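Work out the full structure: start from the sequences and follow the hints.
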Amino acid sequence: MNSLTLNIESTKDQFSLVINQCLSFSGIVGIFGHSGSGKTTLLRAIAGLEQQVKGTIAFNEQLLLDSKNKQDIKAENRNISMVFQEPRLFPHLTVEANLDFAIKRCHHSSLAKKDIIELTNISALLGKEVTELSGGEQQKVALARAVLSEPSLLLLDEPLSALDRQSKKELLTLLKTVHQKLKLPMIYVSHSSEELQQLAEQLVVIERGKIIESGDVHQVFHQLNNTQLIKQQTSLSVKVVEVNNQHGLVKLAFAEQHIFMAINHLTEADKLALAQFNSLRCYIFASDISITTIEPTSSSIVNQLYGIITKISQVQSQVLLTLTCHQQTFFASISTYSLDKLSLSINQAVYIQFKASAVRTLTI
Amino acid sequence: MTEISDDGLALITTLKMAGLTTFFLMIIGTPLAWFLAKMKSKSKVFIEAIVALPLVLPPTVLGFYLLIAFSPQYLPGQIWQEITGQQLAFSFSALVIGSIFYSLPFVVQPLQKAFEQLGSDYLEAGAMLRAGPLDRFFTLVFPMTKASFITAASLGFAHTVGEFGVVLMIGGNIPGETRVLSIALFDHVEAFNYAQAHTLAISLVIASLVLLSMIYLLNHRPIKTEKVVS
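Chains as they are written, first to last, in the numbering used here: chain A, 1 to 364; chain B, 1 to 230.
Take the hints with a grain of salt, since some may be wrong.
To be verified - Below are the DSS-like pairs computed for lysine-lysine, each with C-alpha atoms no more than 27 Å apart in a straight line: (1) A:K271 x A:K251; (2) A:K54 x B:K146; (3) B:K38 x A:K70.
Worth flagging that the hints you see were computed from the coordinates, not collected in a lab. Please read these numbers as outputs of a predicted model, since none were measured by experiment.
Printed below as a string of structure tokens:
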């Protein structure tokens, strides 16, 4: 398995980044942090674009930086490519010439240009000028260009932050497909928990230049529920059982039970995405989950699960309940008033309920 | 020799001088402009001031110091004489060297501005596609700032053609060698040969006007390659 070992320090304008971490690429690695947390600096340090980085960086066996021994492989020789927040397509070249720029400089090409163009769905754009493209199209070309450079590691620095929701969904699916098909190690940096929840297998959280959490994406999100960094949520991967277009519901497998997710309208792209990935990443905000102590037999709320309260944490007038149901952890936020009224306690069995519309995803 | 062929000779000398000067200016000015555009230390201002000096100094001041430097009594003149076996002052080579100093800001300033505006975004993108520094310069920077290169070369050329004070000091008015148009014009006026002076003057005005119009036309055209993503 590919691995990236980071042991670095970088100080600039009174901000210091100190990272000691080994990342293994079993899937896309996500880096989450708010603006100014140092996540982009970290990515640029890996790429070799950041000056004044001290320490060591190694990708697999190859040492990219060893400041003590004055070894610093130049960005162009690191065999790393990057997709930036703004597409940075070369404006004096057409779309195709932009792709050719990457191909020409890739010495051991193994990918066929045609395949990548097809994969990224940009064949209609090839002859166009870069300035004629929409933001989403530009970012697709930038991704194709980076892939055609055939790096051993692809870095993505908030590539979707300037796009509308529809383009975001499309590119997220595309990124997952590219990762799946090419087995290309990727690091995806973002301040959007929603994007990372969809993409990342492992998540690293950076705050004030330091890593504060890292591990499996769902577990890390659940850890973050105790911080102010994200909106409290339950994060889960579930298999799609069936799509019920008549009721606008997607039936998701959950242990022996089901969870229903509401859908408005499935586009062709949505259907493709559903068919392509056997599991769907979803999240439910803690504020969208409620608790009853007796079985709700006649409720319009379609999702009702039987679970056990494992933790009760109180912050001012709000209470965050941690519940377990078939090895899945759920989070519900209720008021202290409800806590008292229902006299909830740890190890108590309760019904967890949430509407189908409370189950969210960025995939469809 | 007739007066016209004298002026013709002056024209050839002028074009040769301006052409060579522009050629050397592009070679020297481009890396200098690049260096200044990327420079972050405080000494940048000082180098910028030196480059800009010819804009404010009377050309005779520059010409005076160059004349001294070029004379066999001083080091630059001595080195030149040892290498080439010829005196530097009052030679065509002196004119070209003098013109390089004199026209330097006209080449460096537009290039520096263009490089600064281009920023580092595209260069980083190029590096991330395995393009080395020279590769990036010739395949990204040059095509994206082509208009500024044309402006710089044209301004450098035009300004050298119009030079008077420096060539007067270091040239010596030798026909076919250092006698350029502006000096020829001055000679005609001194000799009360106004008709000849008028012909030369009006042709210089027209030629300069045409050249400048072409530069401005080029710069006013919307050039998409100069657009920088913010």
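The hints, checked one at a time:
1. A:K271 x A:K251: Roughly 14 Å between the alpha carbons, so the hint for K271 (chain A) and K251 (chain A) holds.
2. A:K54 x B:K146: 38 Å, violated
3. B:K38 x A:K70: 23 Å, holds
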